[in-house]
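Asks: Work out the full structure, taking the sequences as your base and the hints as a guide.
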Amino acid sequence: MSIQEMHKKFRVYFDKIDSFSAAEYTPEAIDIILNKAQDIVLEELINTGLEKTQTFSDYLSSIIVKSTINTFSTDSESEVNGKYINIPSDYRKFLMDRVVLKVPDCVFSTYIENGVEYIVTEGTVIYNNNIYIKGNIFTGYQGYSTYKGSGKISKVKLVNSKVRPVTRDTYQMDIRNPFKKPSTETVLRLEYKNLFEIIIDDSSVLYQYKIDYIRNPVQMKYCSAYSVPCVPVSDVDCELSLEAQIKIIDVAVQLAKSILLQVPQTKNTNQENNKNNN
Numbered sequence: 461m462s463i464q465e466m467h468k469k470f471r472v473y474f475d476k477i478d479s480f481s482a483a484e485y486t487p488e489a490i491d492i493i494l495n496k497a498q499d500i501v502l503e504e505l506i507n508t509g510l511e512k513t514q515t516f517s518d519y520l521s522s523i524i525v526k527s528t529i530n531t532f533s534t535d536s537e538s539e540v541n542g543k544y545i546n547i548p549s550d551y552r553k554f555l556m557d558r559v560v561l562k563v564p565d566c567v568f569s570t571y572i573e574n575g576v577e578y579i580v581t582e583g584t585v586i587y588n589n590n591i592y593i594k595g596n597i598f599t600g601y602q603g604y605s606t607y608k609g610s611g612k613i614s615k616v617k618l619v620n621s622k623v624r625p626v627t628r629d630t631y632q633m634d635i636r637n638p639f640k641k642p643s644t645e646t647v648l649r650l651e652y653k654n655l656f657e658i659i660i661d662d663s664s665v666l667y668q669y670k671i672d673y674i675r676n677p678v679q680m681k682y683c684s685a686y687s688v689p690c691v692p693v694s695d696v697d698c699e700l701s702l703e704a705q706i707k708i709i710d711v712a713v714q715l716a717k718s719i720l721l722q723v724p725q726t727k728n729t730n731q732e733n734n735k736n737n738n
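When we follow my numbering, the leftmost residue of the sequence shown carries the number 461, and every step to the right adds one.
It cannot be assumed that every hint is accurate.
Here are the simulated DSS-like pairs of lysine-lysine, each with C-alpha atoms no more than 30 angstroms apart in a straight line [stated by the list, open to error]: (1) 707 x 526; (2) 612 x 526; (3) 641 x 526; (4) 496 x 543; (5) 496 x 594; (6) 543 x 612; (7) 641 x 562; (8) 476 x 707; (9) 641 x 670; (10) 608 x 622; (11) 543 x 670.
If you are wondering where the hints come from, they were derived from the structure by calculation, not from laboratory data.
Replies: As structure tokens, then:
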């Protein structure tokens, strides 16, 4: 339903509680209450099992994002073979992730084909006047079918690998454990405030990071009813499902009711203070 319809239903439902106070809520105030209610509904769903319930899928399908990231970074604080990944700006809740690695196909190559990617598996090679060390990837060019140097190369293949999240304490132990350290089948993930760090094994190159997550929904605004023009000028509807919108209105009415119940208490407290002062 539109934001206009949500405002109308809010006023109708709240009017049944207090017909005098319903008219006191401005469109701006109702938007604040509706957006707060939306946040509450979203957190309740996240905290009660995510996709374990059909309700979750029905309510939040419009804000579940599948993203592929292929830009990575490092700095002086990076772990060995670690790559930083910026968490999307609209990220709210993690669902699942996986990576695509570029790895050697384990077949030693001596002849370089045009347009084919190769990875250095041992030592150093010189190809097309460029020097490549272990782990470097280069692409074959027309007219350059051989390389120089004592190193070895293999063609590159893509593999899908699982991601295992680890704490910093666990990481310090796992990175030394031959059965738990990164491999072509499983990589490790450390989490920071706005970053993930993916740690791979030294024979692989991180090609893609794929993440499914819940993003933050847009903030609803009934701008056309505001007393002062707002930005954006056009109305912003709730983007969740109709079922979620109905739930949001119910929660918003309860929030408004709780505010209403606090008003008399404040008045009574003030009256009591006045009596004591007299």
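Asks: Looking at the structure, which of the earlier hints fail to hold?
Replies: Of the numbered hints given earlier, those the structure breaks are 2, 4, 5, 10, listed in rising order.
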